[in-house]
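Starting from the two chains in their separate frames, assemble the complex, guided by the hints.
These protein sequence lines are chains A and B, in that order. Letter 126 of the first sequence, counting from 1, is numbered 136 in this note's numbering, and no numbers are missing. Letter 33 of the second sequence, counting from 1, is numbered 50 in this note's numbering, and no numbers are missing.
Don't read these hints as lab results, they were simulated from the structure. Glycine residues also receive a C-beta, built at the ideal position from the N, C-alpha and C atoms. Where hints are given, some of them may not hold.
Stated by the list, open to error - Okay, derived cross-link-like pairs now, SDA-like style, lysine to any residue, Cα gap no bigger than 25 Å in a straight line:
{"hint": "1", "chain 1": "A", "residue 1": "LYS149", "chain 2": "B", "residue 2": "ASN103"}
{"hint": "2", "chain 1": "A", "residue 1": "LYS40", "chain 2": "B", "residue 2": "ASN103"}
{"hint": "3", "chain 1": "A", "residue 1": "LYS53", "chain 2": "B", "residue 2": "ILE107"}
{"hint": "4", "chain 1": "A", "residue 1": "LYS198", "chain 2": "B", "residue 2": "GLN263"}
{"hint": "5", "chain 1": "A", "residue 1": "LYS172", "chain 2": "B", "residue 2": "HIS169"}
{"hint": "6", "chain 1": "A", "residue 1": "LYS53", "chain 2": "B", "residue 2": "ILE114"}
Stated by the list, open to error - Here are the computed distance ranges between Cβ atoms for each label pair:
{"hint": "7", "chain 1": "B", "residue 1": "THR177", "chain 2": "A", "residue 2": "ASN116", "range": "48 to 58 Å"}
{"hint": "8", "chain 1": "A", "residue 1": "TRP60", "chain 2": "B", "residue 2": "TRP318", "range": "41 to 51 Å"}
{"hint": "9", "chain 1": "A", "residue 1": "ALA87", "chain 2": "B", "residue 2": "SER313", "range": "24 to 34 Å"}
{"hint": "10", "chain 1": "B", "residue 1": "GLY324", "chain 2": "A", "residue 2": "MET65", "range": "48 to 58 Å"}
What the hints assert, rightly or not - Here are some chain A residues pointing at chain B (derived, C-beta under 7 Å):
{"hint": "11", "residue": "TYR30"}
{"hint": "12", "residue": "ASN31"}
{"hint": "13", "residue": "SER32"}
{"hint": "14", "residue": "VAL33"}
{"hint": "15", "residue": "TYR34"}
{"hint": "16", "residue": "GLN36"}
{"hint": "17", "residue": "LEU38"}
{"hint": "18", "residue": "LYS41"}
{"hint": "19", "residue": "ALA43"}
{"hint": "20", "residue": "ASN151"}
{"hint": "21", "residue": "ASP152"}
{"hint": "22", "residue": "SER156"}
{"hint": "23", "residue": "SER157"}
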Amino acid sequence: MNRKAIKYSIGILVIGLLGYNSVYFQPLDKKLADGNEISFDAKAYVDGIWSNELMKVYKDAPDIALLIDSLEQNTVAAFETYGYALGIGNIGYFRVQGEGLVTAVNNNNVLLQVGSHVIEVETEFVYGNAIRDASGLVKLNDYDNSSDFNSISESINEKIRKELIPEFRSKVKIGDKVRFEGAIELNKAHLKLSQIEVIPITLQITE
Amino acid sequence: MISIKKKLNIAQFQSLIALFILCLGLALMTDNFMTTDNFWNVMRQISVNVCISVGMTLVILTAGIDLSVGSILAFCGAVTAGLLSNGISIPALNLFIGFTVLGAVLAGLLVGGGLGFINGYAITKFKVPPFVATLAMLTMARGFTMLWTKGHPISGLGETFGFLGTGWFLGIPMPVWISGIVVVTAIVLTGKTRFGRYIYAIGGNENASLLSGIPIAKVKMWVYALAGILAAVGGILVTARLDSAQPNAGFSYELDAIAAVVIGGTSLSGGRGTILGTVLGAIIIGVLNNGLILLSVSPFWQQVIKGLVILLAVIIDKSNQKSE
Chain A
11 MNRKAIKYSI
21 GILVIGLLGY
31 NSVYFQPLDK
41 KLADGNEISF
51 DAKAYVDGIW
61 SNELMKVYKD
71 APDIALLIDS
81 LEQNTVAAFE
91 TYGYALGIGN
101 IGYFRVQGEG
111 LVTAVNNNNV
121 LLQVGSHVIE
131 VETEFVYGNA
141 IRDASGLVKL
151 NDYDNSSDFN
161 SISESINEKI
171 RKELIPEFRS
181 KVKIGDKVRF
191 EGAIELNKAH
201 LKLSQIEVIP
211 ITLQITE
Chain B
18 MISIKKKLNI
28 AQFQSLIALF
38 ILCLGLALMT
48 DNFMTTDNFW
58 NVMRQISVNV
68 CISVGMTLVI
78 LTAGIDLSVG
88 SILAFCGAVT
98 AGLLSNGISI
108 PALNLFIGFT
118 VLGAVLAGLL
128 VGGGLGFING
138 YAITKFKVPP
148 FVATLAMLTM
158 ARGFTMLWTK
168 GHPISGLGET
178 FGFLGTGWFL
188 GIPMPVWISG
198 IVVVTAIVLT
208 GKTRFGRYIY
218 AIGGNENASL
228 LSGIPIAKVK
238 MWVYALAGIL
248 AAVGGILVTA
258 RLDSAQPNAG
268 FSYELDAIAA
278 VVIGGTSLSG
288 GRGTILGTVL
298 GAIIIGVLNN
308 GLILLSVSPF
318 WQQVIKGLVI
328 LLAVIIDKSN
338 QKSE
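So that you can see chain B by itself, here it is in the shape it has in the complex (with noise of 0.2 Å):
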């Protein structure tokens, strides 16, 4: 027990004690918990926030935010929906731009990584709070989704799409299999490389970082540029699961990503928290969310109780620093 807690930092074994808890109670109460369609299914619907969760922490890591997460999600999956399913007509040029899937995907995961580069740009050289530049960028991604699908779903597009969202690949689904990927590249990503130090150390003192030579509007610009990538991608998953890019997909999906975070132990001032902890944050957040509807909880005292634990890991978390 004592080599587990020296491995992980008090807010994770925490994380990890609510966790076993949760599923314990579940399993007890209910009969349909502790299933392997309900274990995969519930890792199926965790994947997307886990995705977008991960770009999330990076943000917060560098004591930021990103409100937009959701908008660009539901965008960028209408772009690669949008992409395969009519490409782009030049009638000037009496020209057809057709795209495969990994065209689309490629396009999609393009402009999120481009409306995050945009958020990234206001925050360092506009001075912009990421408070409000990215509740701008969620605004305007939500009324490009809205002008690019004229309102509408785009649908019917292709099993070799839908295998990203509905497929199993070693007896895994496709979905858990991406989500992975972006967790292991994370975690190697901020524990084993010069930028994830940078990321660390902007968050805990950005004076500090500035006098040490940190290049910090560029190390931001690419965080939030990721975070958009990685929203980007959980809008792809989600269109691929429905086989549709819904207009209003996404929405206030940031708000679990936040949730996931400060569940999962990191600091919303910025320079403590792990990758590990938010995917914590979000296992913790999708068995409550499964647990809940499995026990037959009212959806509003649903969103009441997902308020409540929200709360109260960041009163555990401010409890933590001062003991720290």
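Excised from the complex, chain A in its bound form (with noise of 0.2 Å):
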């Protein structure tokens, strides 16, 4: 045997040996019913706690100017009553309500007056972690992996932009009544109260 084939018998026995040891197979349907991290199914997950959970903790939501009053008297305070926090930081997630006087609807956003506070619901932008970490019902830790978790925001941001959004979008004019639920993400060392981004969850036109 010349030393070229020594060589390349040396060289298909290493990436053998290296594809053995580095990738498994298993039938699919198998690892499915095994309820292994694959199966998790968040659109039908978030579909069965809308209504009956998520709703219903949006429901009991506070109202966005008292919580805001709270906010600028004791930041801290209104972070621990109100907020939910993942993990240790500044950011915390708030479940609001409110109704207010349609300002503005611009291409992302309507602006709404609620008291003397300026509003902004958005339309376009409906991303992030908020709706989610601000309702307390999902826990990092009842998931196997962040995948999972992540893909519950995605499925929540997705209901709203199809199912909600473009409804409201098409009815909404300025000097409209509106009644809101959602969430709002704050950061307690940079705290910006003058105008608060609103995901929203409900949308109604009152008058």
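What follows is the structure in structure tokens.
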């Protein structure tokens, strides 16, 4: 056997050994039946909790004007009382509800005058984890991996973008009175209350 | 002193003196700098930059540049984490492909090498300037990372994988072992092999290299592929250390790598420089970062100071070239 043949044989052997120890194969249905992480259907999960759990906790959300007052008076206490946080840090998520007068209908949002406060209801960039995390219903530790956990937010946001926003956008106009429930994200260290951005979960034109 | 000076080139010697003065100053000005914990902390932190900088040195030695290493680092870290965490499902074939730690790491390295190879191919075959080709890859790889991760971190990767970033072996952190292996391999590659001599020759005078029969395109493609693989190593270390692949990982890491290479005395016009010099450069940047944090210097000023150090290094390098 010449040197080249030996070289190639060793190369193939090494690649074979690495390959053997690198991947494993399983029938997909068996994997799904095992209840492994890939079987997690975030859309079905979100559909399941939407009416009976998610909507319920948002119905009990504090009034946004009261929350802003609490935050202005004692930020730390307001974060502890009303906020939800995933871990250590300054970011907190809050459930809110309220009613306001539409003062502007922009491409990306609708501005509401709620008492003396201007609230920005997001209608274009509905992303992030605000709705999921402010609900307090879904905990990271309940999931095998962060991918499943993140997919819950994706499904919630997609549902809002597809089922809630288009109908609202088609009807809303300046001067309307709008009732909303939703979530906000605030940073304890850099609290900005001048124009709060709300990710809505319900929007209703009342007048 | 003279024998040390003989062994090291002028730039490395200057880097060594700069490092010594920096360490001495920080030891006098802070209480925590000269502690074992801080030493290993600095070493762990610079491990990632060392890996990327070694790849960048190879590229710069050929008179090129690679701006995509930070993005490749992020993508490869994400690919490794994603495969390890979720595997690949192929519903059409009713097949699930799971990845072991070895498999996920190899896949990450392969992706890094592949993206680096694309850089090299664009530069050599289509004559795209390295700056432009790697700038395009910087954007593409960042986009791939966002697509792969959907903008979310991938975490919960297990203890075995985490050991690569947080474990200790024989009293030394694993990232230091890994970057050490990278450095030794690169020193041998550049100093003891034909491939290494080709790299220096191409950077020194590409036309002369072409006339000498050096396969320039092949060497350059391999160099960029190696830079991609080493960026992937960095990505795997970052991911293992954080137990999470962050979509925005590696942001502006290419600048730290270029800084380490320049401070280490490698000429940006190619053909001159050493791996050892780059390691010194990376250590200087790491110590400087650590020192500025220990001295509670504002992050804004930290950037200004780092920029000034890089500028100073280039000015000194230019004056060295003139005197030579």
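Hints, verified against the model:
Our distance criterion of 25 Å between C-alpha atoms is met by A/LYS149 and B/ASN103, whose separation comes to about 20 Å. With a C-alpha separation of about 15 Å, the suggested pair A/LYS40 and B/ASN103 falls inside the 25 Å cut-off, and the hint holds. For a cut-off of 25 Å, the pair hint linking A/LYS53 to B/ILE107 stands: about 20 Å separates their Cα positions. Taken as a hint, the A/LYS198 and B/GLN263 pair is honoured in the structure, with Cα atoms around 23 Å apart against an allowance of 25 Å.
Taken as a hint, the A/LYS172 and B/HIS169 pair is honoured in the structure, with Cα atoms around 21 Å apart against an allowance of 25 Å. Proposed proximity of A/LYS53 and B/ILE114 is supported: the alpha carbons are some 23 Å apart, at most 25 Å. The given range of 48 to 58 Å is respected by B/THR177 and A/ASN116, whose C-beta atoms sit roughly 50 Å from each other. Separation of A/TRP60 from B/TRP318 is about 50 Å and conforms to the stated range, judged on CB atoms against 41 to 51 Å.
Against the hinted window of 24 to 34 Å, the Cβ-Cβ separation of A/ALA87 and B/SER313 comes to about 30 Å, which satisfies the hint. A beta carbon spacing of about 53 Å between B/GLY324 and A/MET65 agrees with the range 48 to 58 Å that was offered as a hint. Because the smallest distance between the Cβ of A/TYR30 and any Cβ of chain B comes to about 10 Å, over 7 Å, the interface hint for this residue is violated. Taken as an interface hint, A/ASN31 checks out: its beta carbon lies about 5 Å from the nearest beta carbon of chain B, inside 7 Å.
About 3 Å separates the beta-carbon of A/SER32 from the nearest beta-carbon of chain B, less than 7 Å, and the hint is met. Interface hint at A/VAL33: satisfied, since its Cβ lies 5 Å from the closest Cβ of chain B, which is below the 7 Å cut-off. Using the Cβ-Cβ criterion of 7 Å, the hint placing A/TYR34 at the interface with chain B is satisfied: the shortest such distance is roughly 5 Å. Taken as an interface hint, A/GLN36 checks out: its beta carbon lies about 5 Å from the nearest beta carbon of chain B, inside 7 Å.
Of the supplied interface hints, the one on A/LEU38 holds, with its beta-carbon coming within about 5 Å of a beta-carbon of chain B, less than 7 Å. The beta carbon of A/LYS41 is positioned within 7 Å of a beta carbon in chain B (closest approach about 4 Å), and the interface hint is therefore held. The beta carbon of A/ALA43 is not positioned within 7 Å of any beta carbon in chain B (closest approach about 11 Å), and the interface hint is therefore violated. A distance limit of 7 Å between C-beta atoms decides the matter here; for A/ASN151 the minimum to chain B is near 10 Å, and the interface restraint is violated.
Hint on A/ASP152 is violated. Least Cβ distance to chain B is approximately 12 Å, over the 7 Å limit. Interface hint status for A/SER156: upheld, as the beta-carbon distance to the closest one in chain B is roughly 4 Å, under 7 Å. At a threshold of 7 Å, the smallest CB-CB gap from A/SER157 to chain B is about 6 Å, leaving the interface hint in force.
When the structure is compared with the earlier hints, violations turn up for hints 11, 19, 20 and 21 and for no others.
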